[in-house]
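Asker: Using the sequences and the accompanying hints, generate a full structural model.
Heads up: the sequence shown begins at 1 in our numbering, then just goes up one per residue.
This list has only true hints and no planted wrong ones.
Derived DEER-like restraints, expressed as beta-carbon distance ranges:
1) C69 - L6: 17 to 27 Å
2) K3 - N34: 17 to 27 Å
3) D55 - K19: 16 to 26 Å
With a cut-off of at most 20 Å between alpha-carbon atoms, the simulated SDA-like pairs for lysine to any residue come out as follows:
4) K46 - K78
5) K19 - C45
6) K3 - K46
7) K19 - E40
Hints are computed from structural coordinates only; laboratory data are not their basis.
Cβ coordinates follow ideal geometry from the N, Cα and C atoms, glycine included.
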Amino acid sequence: MCKHVLNAQVAIRAPCCKKWFDCPECHAESQDHNLAKTMEMVFMCKKCKKAFRKDMTEYEEADEYCPHCDNQYVIEAKEPKAMLGVEGEDARIDNRMLKDERMKEKEGRSLLAARDTSHILDRRDRQPQQ
1 MCKHVLNAQV
11 AIRAPCCKKW
21 FDCPECHAES
31 QDHNLAKTME
41 MVFMCKKCKK
51 AFRKDMTEYE
61 EADEYCPHCD
71 NQYVIEAKEP
81 KAMLGVEGED
91 ARIDNRMLKD
101 ERMKEKEGRS
111 LLAARDTSHI
121 LDRRDRQPQQ
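Answerer: Shown next as structure tokens:
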């Protein structure tokens, strides 16, 4: 899956190494050579998983669709944008996910909390012998 174009509809076969890539940036990151340029492109539709060729010298508007399933593969690319956010509801409305670090938790509230139990004797030792 391409991290540069989030909505890639086709994979493109690189003419230089005969490998499939979602975008030229993916080729540049994984290969040690430059991408060779060609006028005959080989695509593989991600919807129907079938390959097809397009001659870029005779490219028309009808060529924006897969010839097998009519999936439109020439669309505006959605690229990842850096953003800072919090997963969850709006903290102004529901602030249960926020924790105030200034307040200390009460000790001994957990069953697993380690505490000194030397002052507690076994109940059998407390009962008088007859």
